[in-house]
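S.K.: Sequence:
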Amino acid sequence: MWMLGFTVVAPLIAWDVAALVYVAWSFLDQWYMDGEATAASAVREDPGRRLTDTILLAASVASLVAVAKVLTTGAGQAGFGRAFNISLGIVSVVLSWALVQSVFTERYARLHYASAGGAIDFNGEDRPRYSDFAYVALTVAMTFQISDTDLRTSGIRRAVVGHALLSYLLGTVIIGAAVNLVANVAGG
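In the working numbering, the protein residues as written are 12 to 199.
In case anyone wonders, no lab produced these hints; they're calculated from the structure. A quick note: this is a predicted structure, and the numbers were derived from the prediction, not measured. It is possible that some hints are incorrect.
What follows is a set of in silico ranges between Cβ atoms, one per label pair, in the way DEER data are often shown [said to hold, decoys possible]: (1) G46 <-> K80: 42 to 52 Å; (2) G90 <-> R61: 15 to 25 Å; (3) V54 <-> A189: 37 to 47 Å; (4) N191 <-> G128: 29 to 39 Å; (5) A21 <-> R169: 14 to 24 Å; (6) A197 <-> S165: 39 to 49 Å; (7) V54 <-> V193: 39 to 49 Å; (8) T150 <-> T183: 43 to 53 Å; (9) F91 <-> D45: 46 to 56 Å; (10) D45 <-> G187: 36 to 46 Å; (11) F155 <-> L31: 21 to 31 Å; (12) V72 <-> V19: 12 to 22 Å; (13) A127 <-> L192: 18 to 28 Å; (14) L149 <-> G187: 16 to 26 Å.
Glycine included, every Cβ here is placed at the ideal spot set by N, Cα and C.
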């Protein structure tokens with residue numbers, strides 16, 4: 012069989028498509044917004060946003076479990092099936108990571124603009140845009156810290172701690188999967 016059974020890979024393929032659509036839509040919708048448009052978008056009333064964020068983040072972690080299943084179940088395969096499953100696993104990890112950063116970009120914008128004085132000091136005069144919040148999210152994701160911005164509220168600090176811990180978990184899983192992948196490829 013050229014790939015794992017459909018019941019194993021179908022949920023992961025569906026997750027990948029959903030994550031890709033969400034990340035691409037968010038980027039295209041938000042990246043070029045100025046500070047005013049970002050503020051209006053970030054505080055728009057949406058009572059289901061917290062639940063949506065929680066579901067997306069939980070689904071990202073669940074997708075990593077699915078990737079582990081695909082990689083471990085397909086380890087005994089050869090040829091195209093093996094290459095397909097490894098590629099699917101890599102794409103899933105990248106998309107899950109990107110989705111987490113998109114969710115936290117939006118969360119940081121929402122927390123900032125919901126706070127009276129702004130939750131993050133970007134040390135500038137312009138109102139922060141989504142690209143500024145993406146900068147914060149990506150900095151936390153890659154370094155587990157805040158670099159040149161100041162966090163002004165306990166709410167934003169809690170969000171950053173949660174983001175840093177989740178990013179550490181994802182990073183650990185990604186490194187573990189990469190080591191496993193190299194070992195599997197080297198082992199034949």
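S.K.: Each of the hints needs a verdict: does it hold here or not?
M.R.: Here's how the hints hold up against the structure:
Take G46 and K80: their Cβ atoms lie about 43 Å apart, and the range 42 to 52 Å holds. The hinted window of 15 to 25 Å between G90 and R61 is violated, with their beta carbons roughly 45 Å apart. Look at V54 against A189: about 39 Å separates their beta carbons, and that is inside 37 to 47 Å. A hinted range of 29 to 39 Å for the beta carbons of N191 and G128 is inconsistent with their spacing of about 47 Å.
Distance hint check for A21 and R169: the Cβ-Cβ separation is about 36 Å, which falls outside the suggested range of 14 to 24 Å. Restraint check, A197 to S165: a C-beta distance of roughly 48 Å satisfies the suggested window 39 to 49 Å. Between V54 and V193 the C-beta distance comes to about 45 Å, which sits within the given range of 39 to 49 Å. Separation of T150 from T183 is about 19 Å and departs from the stated range, judged on CB atoms against 43 to 53 Å.
For the hinted restraint 46 to 56 Å between F91 and D45, the CB-CB distance of approximately 47 Å keeps it satisfied. Taking 36 to 46 Å as the suggested C-beta distance range, the pair D45 and G187 conforms, at roughly 41 Å. Remark: the range hint 21 to 31 Å for F155 to L31 is upheld by a beta-carbon distance near 26 Å. The hinted window of 12 to 22 Å between V72 and V19 holds, with their beta carbons roughly 18 Å apart.
Checking the proposed 18 to 28 Å range against A127 and L192 shows it is violated: the Cβ atoms sit about 48 Å from each other. In this structure, L149 and G187 meet the distance hint of 16 to 26 Å, their C-beta atoms being roughly 22 Å apart.
Hint compliance for this structure: hints 2, 4, 5, 8, 13 are broken, all remaining hints hold.
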